[in-house]
Every structure is written in C-alpha cells, then in structure tokens.
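Sequence order for the protein chains is A and B. If you count by my numbering, then the first sequence holds residues 1 to 371, one letter each, in order. If you count by my numbering, then the second sequence holds residues 1 to 371, one letter each, in order.
A few of these clues could be false.
[As the list claims (entries may be wrong)] When the alpha-carbon atoms are kept at most 35 Å apart in a straight line, the in silico DSBU-like pairs for lysine-lysine are as follows:
no.	chain 1	residue 1	chain 2	residue 2
1	A	K68	A	K80
2	B	K240	A	K199
3	B	K11	A	K240
4	B	K11	B	K247
Calculated from the structure, these hints are not laboratory results. Here the structure is a predicted model, which is why all the values come from computation and not from measurement.
Number of protein chains: 2
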Amino acid sequence: MDDQRFGLARKVTLPGLLRLDGGGTLSGVEIAYETHGQLAPDGGNAILICHALTMDQHVGSVHPRTGKPGWWAAMVGPGKPIDTDTHCVICSNVIGSCMGSTGPGSIDPSTGQPYAMTFPVITIRDMVRAQAMLLDHLGIATLKAVVGGSMGGMQALSWPATFPERVRSVVVIASTARHTAQNIAFHEVGRQAVMADPKWRGGDYYRHDDPPAAGLAVARMAAHITYLSEAGLTEKFGRKLQARQAKGFGFDADFQVESYLRHQGLSFVDRFDANSYLYITRAMDYFDLAEEHGGLLANAFRQSAARFCLVSFDTDWLYPTIESRHIVHALNAAGRAASFVELSSPYGHDAFLLDAPEMNRVVEGFLRGGA
Amino acid sequence: MDDQRFGLARKVTLPGLLRLDGGGTLSGVEIAYETHGQLAPDGGNAILICHALTMDQHVGSVHPRTGKPGWWAAMVGPGKPIDTDTHCVICSNVIGSCMGSTGPGSIDPSTGQPYAMTFPVITIRDMVRAQAMLLDHLGIATLKAVVGGSMGGMQALSWPATFPERVRSVVVIASTARHTAQNIAFHEVGRQAVMADPKWRGGDYYRHDDPPAAGLAVARMAAHITYLSEAGLTEKFGRKLQARQAKGFGFDADFQVESYLRHQGLSFVDRFDANSYLYITRAMDYFDLAEEHGGLLANAFRQSAARFCLVSFDTDWLYPTIESRHIVHALNAAGRAASFVELSSPYGHDAFLLDAPEMNRVVEGFLRGGA
Numbered sequence: 001m002d003d004q005r006f007g008l009a010r011k012v013t014l015p016g017l018l019r020l021d022g023g024g025t026l027s028g029v030e031i032a033y034e035t036h037g038q039l040a041p042d043g044g045n046a047i048l049i050c051h052a053l054t055m056d057q058h059v060g061s062v063h064p065r066t067g068k069p070g071w072w073a074a075m076v077g078p079g080k081p082i083d084t085d086t087h088c089v090i091c092s093n094v095i096g097s098c099m100g101s102t103g104p105g106s107i108d109p110s111t112g113q114p115y116a117m118t119f120p121v122i123t124i125r126d127m128v129r130a131q132a133m134l135l136d137h138l139g140i141a142t143l144k145a146v147v148g149g150s151m152g153g154m155q156a157l158s159w160p161a162t163f164p165e166r167v168r169s170v171v172v173i174a175s176t177a178r179h180t181a182q183n184i185a186f187h188e189v190g191r192q193a194v195m196a197d198p199k200w201r202g203g204d205y206y207r208h209d210d211p212p213a214a215g216l217a218v219a220r221m222a223a224h225i226t227y228l229s230e231a232g233l234t235e236k237f238g239r240k241l242q243a244r245q246a247k248g249f250g251f252d253a254d255f256q257v258e259s260y261l262r263h264q265g266l267s268f269v270d271r272f273d274a275n276s277y278l279y280i281t282r283a284m285d286y287f288d289l290a291e292e293h294g295g296l297l298a299n300a301f302r303q304s305a306a307r308f309c310l311v312s313f314d315t316d317w318l319y320p321t322i323e324s325r326h327i328v329h330a331l332n333a334a335g336r337a338a339s340f341v342e343l344s345s346p347y348g349h350d351a352f353l354l355d356a357p358e359m360n361r362v363v364e365g366f367l368r369g370g371a
Numbered sequence: 001m002d003d004q005r006f007g008l009a010r011k012v013t014l015p016g017l018l019r020l021d022g023g024g025t026l027s028g029v030e031i032a033y034e035t036h037g038q039l040a041p042d043g044g045n046a047i048l049i050c051h052a053l054t055m056d057q058h059v060g061s062v063h064p065r066t067g068k069p070g071w072w073a074a075m076v077g078p079g080k081p082i083d084t085d086t087h088c089v090i091c092s093n094v095i096g097s098c099m100g101s102t103g104p105g106s107i108d109p110s111t112g113q114p115y116a117m118t119f120p121v122i123t124i125r126d127m128v129r130a131q132a133m134l135l136d137h138l139g140i141a142t143l144k145a146v147v148g149g150s151m152g153g154m155q156a157l158s159w160p161a162t163f164p165e166r167v168r169s170v171v172v173i174a175s176t177a178r179h180t181a182q183n184i185a186f187h188e189v190g191r192q193a194v195m196a197d198p199k200w201r202g203g204d205y206y207r208h209d210d211p212p213a214a215g216l217a218v219a220r221m222a223a224h225i226t227y228l229s230e231a232g233l234t235e236k237f238g239r240k241l242q243a244r245q246a247k248g249f250g251f252d253a254d255f256q257v258e259s260y261l262r263h264q265g266l267s268f269v270d271r272f273d274a275n276s277y278l279y280i281t282r283a284m285d286y287f288d289l290a291e292e293h294g295g296l297l298a299n300a301f302r303q304s305a306a307r308f309c310l311v312s313f314d315t316d317w318l319y320p321t322i323e324s325r326h327i328v329h330a331l332n333a334a335g336r337a338a339s340f341v342e343l344s345s346p347y348g349h350d351a352f353l354l355d356a357p358e359m360n361r362v363v364e365g366f367l368r369g370g371a
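Sequences and hints are given; from them, build the entire structure.
Right, dumping it as structure tokens:
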C-alpha cells in the first residue's frame with residue numbers, strides 16, 4: 001500500500017480543535033496508531049479496535065518498550081478471528097495515554113512544557129471523538145465494526161451513541177456501561193498511591209527523570225488483583241511459597257503471589273506514565289453512558305442501527321456479567337439487535353486478553369454475520 | 001472488685017519468655033487488656049474476646065484516641081448478648097499491635113530503642129500463647145468461651161488447637177482457617193504502600209515524629225474496600241457526587257465514595273502504627289491452621305472437646321461463607337459439635353462489627369446452650 005496513512009507506527013496531528021466534555025478544547029492533538037490489512041475501495045471493511053486502560057495501539061505489532069507481541073495478537077491478524085486478510089484494522093492510542101498520542105506527558109504548545117496536571121480531564125467520549133477525527137484523516141466514513149474489551153468496550157459502547165451513523169456493528173467484551181462505586185474506589189486507591197509518592201511532585205516530575213515509580217507500582221498491584229479471579233489466583237498460586245520452601249519470618253516475598261504482584265508493579269512502571277494513569281482512570285470513573293443520555297441507557301442506542309455483540313466472563317468480578325446484562329436489556333428496550341454470551345473462564349477480567357477459543361469463535365461468527 | 005488485675009485499662013508484664021513460632025523468644029512482654037464483669041469463684045464464667053486486625057482491647061470501653069465507644073459495645077455489656085452481668089469478659093491487645101501490648105513500636109529492652117523492624121515476625125498462634133499467659137496471670141485455667149470475628153476468629157480457632165484443655169466453647173465469626181492467595185495479595189499491596197513511603201525509613205521512623213502516614217492511608221483504603229460489599233457500596237454511595245452536584249473535571253474527590261475512602265485512610269493513621277500494620281497483616285497471611293497440623297484441618301480439633309459456633313455473612317467476599325464451611329467440615333470430621341449459620345447482610349465483612357440482631361441472637365443462644 002502506497003498510502004502513507006496506513007501501516008504500523010503511524011502518527012497524525014489532528015487538524016482543528018478537539019472539543020472536550022469538560023468544556024475545553026485541545027489543539028494540535030497527535031494520535032499514534034497502527035493499521036493492519038488493506039482498506040477496501042468502498043471503505044466497507046474497516047474495524048476499529050479500542051484498547052484498555054494500560055494497553056496501546058500495538059494490538060497486532062510488537063510493543064517497542066517491552067518487546068512483547070501485540071496485546072491481542074491471538075485475535076487480530078491474517079486468518080485470525082479479526083482477519084486482516086479481509087479487513088482493515090485500525091487501533092489508536094487513546095488521548096491521555098503515553099504511547100504517542102497526546103496526553104499529560106506531551107508538550108503543551110502554548111508553554112513548551114509538558115502539560116502534566118494542566119492537561120484537561122478527559123472522558124471516554126472525548127477519546128471516541130479523537131478516534132472519529134482519525135477516521136476522517138484515513139478517509140473512513142463508516143466502520144464495519146468497533147471492537148473493545150474493558151475500557152475498550154466502554155469506547156465501543158460510546159461509538160454508536162456518539163456517532164450513530166458511523167458504525168454498523170459493535171463488540172463489547174468484559175465491560176460495563178458505567179463504573180460502580182467499587183470500581184471507582186479501587187481506582188481512587190491507585191490515584192492516591194501515585195499522588196502520595198513524593199516523586200509525583202504535583203505531576204511535575206518529567207524534568208527530573210525520576211518518576212513516582214513506587215506509587216505507580218502500588219497502584220498497579222491493587223488494580224491487578226481486580227483483573228484476576230479469586231479462583232484463578234488460588235489455582236495459580238494458592239499459598240505456595242517461593243523456592244526457598246519455608247516461611248522466611250520476614251517481609252521479603254514469601255508467597256509466590258507476593259513476588260508475582262511485585263513483578264507486575266515493577267514492570268508496569270517501565271512502560272507507563274503515572275499522570276496518564278491518573279487521567280485514564282478518571283475518564284473510566286466518569287463513564288456512565290446512561291447519565292449522558294438523560295439517565296436512561298436505552299436512549300444511548302436509539303439513534304443507531306448497529307448490531308451488538310456482548311461477551312462477559314463468569315469469573316470477572318471487576319465488570320461482572322450483570323453489567324453486560326444491563327446493557328443487553330437497554331439494547332432490547334431500544335429495539336437493537338443484540339447477542340450476548342457469558343463465557344466460562346478461570347481467569348477473571350483478564351480473560352479477554354488471553355487466547356480464548358470460545359471468545360474468538362463468538363467474535364469471528366458475529367463479524368461474519370455482518371458481512 | 002479489689003483485685004487490681006481486673007478492670008479497664010490494665011497492663012501486665014508477662015513473666016518469663018514468650019516462645020515464638022518463628023523460633024525466637026520475647027521477654028518482658030507487656031499485654032494491655034480490659035475486663036468487664038466479675039470472675040465467678042470457680043472461674044467458670046470467663047470469656048475471652050479476640051480482636052481483629054486494627055481493633056484493640058477496648059471491646060466495651062471508650063477508645064482513648066478516637067473517643068468512640070468500644071468496638072463491640074453492641075455485643076458486650078450488661079444485658080448484652082455477651083452479658084457482663086453473668087460473665088467475666090477479657091479482651092487484650094494482641095502482641096505486635098500498638099495499643100499498649102508489646103509490638104514493633106515498643107522499646108527493645110536490650111537496646112533501649114524501639115524494636116521497629118527488629119521485632120520478630122509473629123503468628124496468630126503466638127498471639128494466642130500470649131493470651132494464655134495473660135489468663136495465667138488472671139488465675140483463669142479454663143475459658144467458658146473464646147469469641148472472635150475476622151482475625152479474632154483466627155485466634156478463636158487457634159485456641160482449641162493450641163490449648164485444647166483450656167476452652168469449652170468457640171465462636172468464630174466472619175473468619176477463615178487460612179488466608180487465600182487473594183487475601184495475601186491485598187495485604188501485600190498494603191505493605192508495599194507503607195514501605196514505598198519514604199517516611200517509613202526502613203521502619204525507623206519513631207524518632208522523627210513523622211510516620212509514613214500517606215503510605216498507611218493508601219494501605220487502609222485498599223483494605224477497606226475488601227471490608228465492604230459491592231452491593232453495600234452501591235447502596236451507600238452508588239455514583240453519587242459530592243455536594244457541589246457536578247463533576248469537577250479534576251482530581252479532587254468528586255464521588256462520595258472517594259471522599260469516604262480518603263477519610264477512612266486519614267483517620268486510620270491517627271490511631272494506628274504503620275509497622276504494627278506490617279506485622280499483623282503478616283501474621284494473618286501466615287495463618288493456615290491445617291498446615292500447622294499435618295495439612296489436615298480436622299487434626300487441629302481432635303484434642304479438644306469444645307463446642308463450636310460458626311457465623312458467616314452472605315456478602316462477605318474477604319472471608320466468604322465457603323471458608324466457614326471448610327471449617328465446619330473439618331469439625332465434623334473431627335467429631336466436634338458445631339453449629340453454623342450464614343447470615344444475610346448488605347454490609348460485607350464489616351457486618352460482624354455492626355449491631356446485627358441476628359448475630360447477637362446466635363451468639364447469645366450459643367453461649368446459653370453451654371451454660
């Protein structure tokens with residue numbers, strides 16, 4: 001493909017202003033993205049994939065910092081459930097993040113300094129508006145599908161509500177139409193952990209090359225527990241001790257689950273910006289699709305003719321199946337076509353990121369049904 | 001009562017050595033405790049109440065730092081379910097804590113300095129051994145009952161396993177016979193939050209009068225979420241905003257659940273020592289009563305002739321009902337008399353601390369049955 005807009009490691013500066021739910025605007029917004037597969041001449045085979053809180057545009061390409069495969073390489077690629085032999089897949093880094101799209105670590109053109117905490121608080125809908133501007137840039141009027149898990153599912157739900165004409169089908173996996181008090185509480189713990197770290201310096205840590213890693217690691221550890229099921233943790237770790245085989249009667253990591261969690265915290269800070277963590281968790285906590293539509297979730301879907309596919313996992317206690325059911329009820333009330341399946345998995349919320357043959361079949365079948 | 005050993009605000013220095021599961025010993029161990037009611041001439045009406053992680057000996061008396069009523073004032077007192085008109089109730093601060101019993105904040109007699117992290121890692125059984133030495137001091141050979149919720153329930157379970165001759169009945173509320181991987185994980189997040197705070201200074205913060213309050217507050221916030229049910233949080237807070245009625249598009253506490261959690265964290269650091277939090281959570285994580293008895297929980301109960309009463313709450317996801325069922329199965333296998341009830345409550349794990357008429361009736365009836 002000669003069109004330089006398509007391919008891996010692409011970046012665009014959006015023309016004009018991005019209008020934000022908080023009342024302000026952002027100008028010169030950069031969006032980092034990648035595409036896989038060829039856009040059909042009629043543009044009808046475009047699929048937008050929306051990423052979760054700490055993920056990025058590398059849905060199907062090696063992550064430049066970790067060297068790991070794309071976060072959904074089992075789902076996206078030639079011959080995969082989201083088949084890039086027949087589709088053009090687009091995945092962009094959300095605004096507020098730290099993998100190339102404009103976020104709190106970006107330079108504020110008006111000051112020449114990083115935004116830090118002067119970056120505006122953004123919403124899930126703001127992320128979606130930026131994605132729509134990216135599609136304008138790519139010349140894609142209408143998506144065959146928007147697909148996302150977790151926070152990606154929130155964006156996927158927001159798409160038909162915000163741009164009802166621009167999306168023909170919606171896949172929402174392990175997600176919710178609003179953050180509950182418990183969801184907010186866990187995020188608030190994480191934010192407080194970051195902000196309690198003296199190295200956070202009110203968000204102005206960029207010039208010091210010494211970010212609030214300890215606080216961000218604690219935030220990640222707390223969040224990580226919510227991504228796994230109690231049964232999955234028990235199956236994987238139980239009360240198994242580290243290799244030295246006996247309790248140390250100290251505060252080193254005695255139990256395998258402790259060293260696993262510490263590793264999760266430490267490896268996260270190498271790839272993620274603390275302020276981005278604050279802003280994106282805030283966007284998720286603010287998310288309440290019903291509230292944006294007069295308090296009735298069904299209203300969010302009345303303007304759209306899209307088909308919907310909802311998937312939940314039985315051991316996901318972060319966004320349990322009941323949250324997907326709420327969405328399905330609202331879709332039914334709005335007269336939308338909706339298929340819904342609860343899959344069985346021991347892996348809790350994180351199941352959607354793993355190679356799950358049943359999930360793959362559901363997504364593949366749903367996309368084929370819309371052909 | 002003229003006997004100065006009995007009453008409120010009592011303290012004793014235990015004679016001799018306290019032998020610890022970790023292999024070491026502690027000498028000159030101080031135990032802060034209180035008693036309510038008169039000990040019968042035959043000593044047969046003594047009830048030991050064991051407290052939870054952040055509680056203390058003030059089961060039925062005003063807390064000296066917070067000015068709040070005793071933490072179980074609804075359960076313990078004249079005419080209450082644990083009736084101090086007819087019983088002598090003893091409640092002591094566990095070793096490792098910070099309300100008067102020897103813990104990491106106490107002076108190490110061998111150095112004249114606070115123990116800090118040179119304090120030995122202790123276990124639930126060590127706490128129970130110290131309680132037995134307190135009973136020796138009080139001249140109480142055998143308890144009519146040992147009663148505890150949460151970590152207090154762990155001690156209550158450990159009593160008949162450690163001193164089978166010294167306890168005639170056991171009440172275990174909202175507790176477990178072992179910490180799961182998820183329980184350990186949440187505690188590890190809390191410990192990492194404390195130790196990530198630069199003011200922790202490797203535990204040597206006592207001389208600076210500037211404790212690691214921020215880290216401890218984050219630890220408390222994370223733990224507090226596990227004490228409440230998702231449904232309870234939703235009922236109490238839902239997505240309700242603070243008084244200003246609209247989202248602030250900033251990082252102040254917008255949602256009521258956020259300010260509630262922040263308050264929980266901040267008020268906790270005024271009354272609790274960070275190192276004590278490390279040591280007591282460690283003791284709970286190490287707790288596995290089966291492991292102490294050849295890997296078979298029933299073995300823990302074979303030497304005892306005590307009657308058991310187990311109570312769980314249906315919305316407690318920290319120590320869910322299944323954990324109580326495990327204990328009851330082991331008691332049955334050991335041929336012990338055990339009654340068990342799961343109570344319905346919207347309040348999650350914390351239900352045992354609240355005035356719960358059904359719980360009160362169960363405890364009162366069980367204690368009367370043993371008269």
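**OP:** Verify the proposed pairing of K11(B) with K247(B), using a straight-line Cα cut of 35 Å.
**Re:** Violated, because 51 Å separates the two Cα atoms, which is more than 35 Å.
Original post:
Is K240(B) close enough to K199(A), meaning Cα to Cα at most 35 Å?
Top reply: Given that 35 Å is the threshold and the Cα spacing comes to 32 Å, the pair holds.
Original post:
CA of K68(A) to CA of K80(A), is that 35 Å or under?
Top reply: 18 Å, holds
Original post:
Quick one, are K11(B) and K240(A) close enough, alpha carbons at most 35 Å?
Top reply: 39 Å, violated
Consistency note: the structure conflicts with the earlier hints numbered 3, 4.
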